[in-house]
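Starting from the given sequences, assemble the full structure and let the hints guide the process.
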Amino acid sequence: MTQATFGIGDLAREFGVTTRAIRFYEDQGMIAPRREGQRRVFQPRDRTRLKLILRGRRLGFSLAEIGEIVDLYEAPAGEAAQLKLLLDRIAARRAELKAKRRDLNASLDDLDAAAKNCRKRLKEMENGRSGKS
DNA sequence: GTTCTAACA
DNA sequence: TGTTAGCA
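Counting along the first sequence from 1, when you hit position 32 you're at 32 in this note's numbering, and nothing is skipped either side.
Each statement offered as a hint is correct.
Under the rule of at most 30 Å between Cα atoms (straight-line distance), these lysine-lysine pairs were calculated in the DSSO-like manner:
#1 Lys98 x Lys51
#2 Lys116 x Lys98
#3 Lys84 x Lys98
#4 Lys84 x Lys100
#5 Lys100 x Lys116
#6 Lys84 x Lys51
#7 Lys100 x Lys51
Please keep in mind that the hints were generated in silico from the structure rather than gathered at the bench.
Rendered as structure tokens:
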């Protein structure tokens, strides 16, 4: 069975990060594990947040940005006004990510073009020519 | 052995 | 963030 709680070492091993990094994220207010005396006790939800944090890191977001984004996933406060505000923020974030995706696709295309150019020159060299005139 | 805080590279 | 020190 999937355990109900985790120690900092468990999560560090599972996600391949140092315990130091996890404590750092806590200092930054991105996760708030329960305490048992001084020991940190992580609930499944903390584990999920950590997973989101690491994904954000892979996407190149600053820790501050990741903190804002992760908060968007958390349960809303309940007030209609707050829910609407949250929707606005989510929409804004989605727009940013889509823009980022477009840039990624453009970069991918550029790299593809560069690779094709390399192959072309390579073929020319193999044919005994010097490439460009 | 493991986790904790704090401070320094 | 990594590392290290001194505790519990």
